[in-house]
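Undergrad: Take the sequences, apply the hints, and build the full model.
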Amino acid sequence: MGLGTVWFVGAGPGDPDLVTVKGRDLIARAGAILFAGSLVNEAATRWAPPGCLIADSKDMTLEQMSAWLIANAARCDTVVRLQTGDPALYGTLIELVQPLDAAGVPVAVVPGVSSAMASAAAAVESFTLPEVTQTTIFTRVEGRTPMPDGEDLAALAAHRTTLCIFLSITLLHKVEAGLREAGWPDDAPVLVVHKASWPGEERIVRGTLATIKQQCRDAGIVSQAMVIASPTLGARHWPELTRSRLYDPGFTHRFRKATT
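Once you know that position 103 of the sequence shown is 103 in UniProt numbering, the rest is easy, because the numbers rise by one and skip nothing.
What the hints contain is simulated information worked out from the structure, not anything from laboratory work.
Some hints here could point you the wrong way.
[Said to hold, decoys possible] Lysine to aspartate or glutamate pairs mimicking EDC-like chemistry, simulated, CA-CA at most 16 Å apart:
{"no.": "1", "residue 1": "Lys213", "residue 2": "Glu240"}
{"no.": "2", "residue 1": "Lys174", "residue 2": "Glu201"}
{"no.": "3", "residue 1": "Lys213", "residue 2": "Glu176"}
{"no.": "4", "residue 1": "Lys174", "residue 2": "Glu202"}
[Stated by the list, open to error] DEER-style ranges, computed between Cβ atoms:
{"no.": "5", "residue 1": "Gln134", "residue 2": "Ile94", "range": "28 to 34 Å"}
{"no.": "6", "residue 1": "Glu63", "residue 2": "Glu131", "range": "32 to 38 Å"}
{"no.": "7", "residue 1": "Glu42", "residue 2": "Ala71", "range": "20 to 26 Å"}
{"no.": "8", "residue 1": "Glu240", "residue 2": "Pro49", "range": "50 to 56 Å"}
{"no.": "9", "residue 1": "Pro239", "residue 2": "Ile94", "range": "44 to 50 Å"}
{"no.": "10", "residue 1": "Glu240", "residue 2": "Gly183", "range": "54 to 60 Å"}
Quantities reported herein were computed from a predicted structural model and do not represent experimental measurements.
Ideal Cβ placement from N, Cα and C applies to all residues, glycine included.
TA: Here is the structure:
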């Protein structure tokens with residue numbers, strides 16, 4: 001019998017109902033599931049069938065995780081690795097795929113909802129607005145993991161676009177310094193969402209560049225939080241917006257002719 005497939009499934013930001021239908025269906029037929037318990041809500045495994053082997057990887061090394069996946073691919077048609085958010089963002093996807101490739105284990109990926117998207121949804125914000133910004137940057141600040149040349153926050157923030165800053169809630173002093181170096185003012189709006197979409201645990205903190213660090217400190221937010229800095233924040237309450245041309249009555253496209 002050949003080796004089973006290891007599916008890297010995006011478990012989403014926390015709410016198990018945000019797992020994709022495809023991901024849920026794979027969980028429901030999996031013979032083995034390895035989930036990142038430090039970040040993934042264990043409720044996402046609730047669709048697993050009876051007899052499914054479920055393990056938490058939070059105390060495993062990369063080598064132990066790879067060995068577990070390979071061993072279970074030898075006995076199961078479907079093995080699921082549940083990763084927080086989307087597997088392509090700040091996950092160990094490639095580091096885990098390489099040893100699976102070397103062992104001849106088939107792999108496939110199912111995308112998931114990122115915590116960046118869940119944070120914007122929780123706060124009813126948009127990353128892009130016509131004539132404000134049309135660009136969103138996903139980044140982090142340097143901690144134990146160094147940043148490549150040219151990717152320091154000040155350089156990215158100089159574009160004045162939306163910044164979704166991952167894995168940096170304990171480094172807000174660096175976030176503040178980078179934005180200030182790029183010329184962002186004290187009153188620039190900043191949004192922090194802790195455990196976006198987690199039932200009963202989500203918290204939203206709105207502040208400014210000058211206040212957000214102390215606000216998060218006062219709230220005791222020290223982990224699992226998305227930091228968003230953007231010129232679009234708060235647009236829901238602006239008295240005027242530049243409308244999208246796509247829906248403007250004076251704009252013709254292949255589905256509708258201009259009426260004015």
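Undergrad: Now tell me if each hint is right for this structure.
TA: Structure-based check of all given hints:
1. Lys213 x Glu240: 30 Å, violated
2. Lys174 x Glu201: 26 Å, violated
3. Lys213 x Glu176: Given pair Lys213, Glu176 holds - Cα atoms ~8 Å apart, limit 16 Å.
4. Lys174 x Glu202: 24 Å, violated
5. Gln134 x Ile94: 28 to 34 Å: 29 Å, holds
6. Glu63 x Glu131: 32 to 38 Å: 50 Å, violated
7. Glu42 x Ala71: 20 to 26 Å: 22 Å, holds
8. Glu240 x Pro49: 50 to 56 Å: 54 Å, holds
9. Pro239 x Ile94: 44 to 50 Å: 47 Å Cβ-Cβ, so the 44 to 50 Å window holds.
10. Glu240 x Gly183: 54 to 60 Å: Since the Cβ atoms of Glu240 and Gly183 sit about 25 Å apart, the hinted range of 54 to 60 Å is violated.
Hints 1, 2, 4, 6 and 10 from the earlier list are contradicted by this structure; the remaining hints agree with it.
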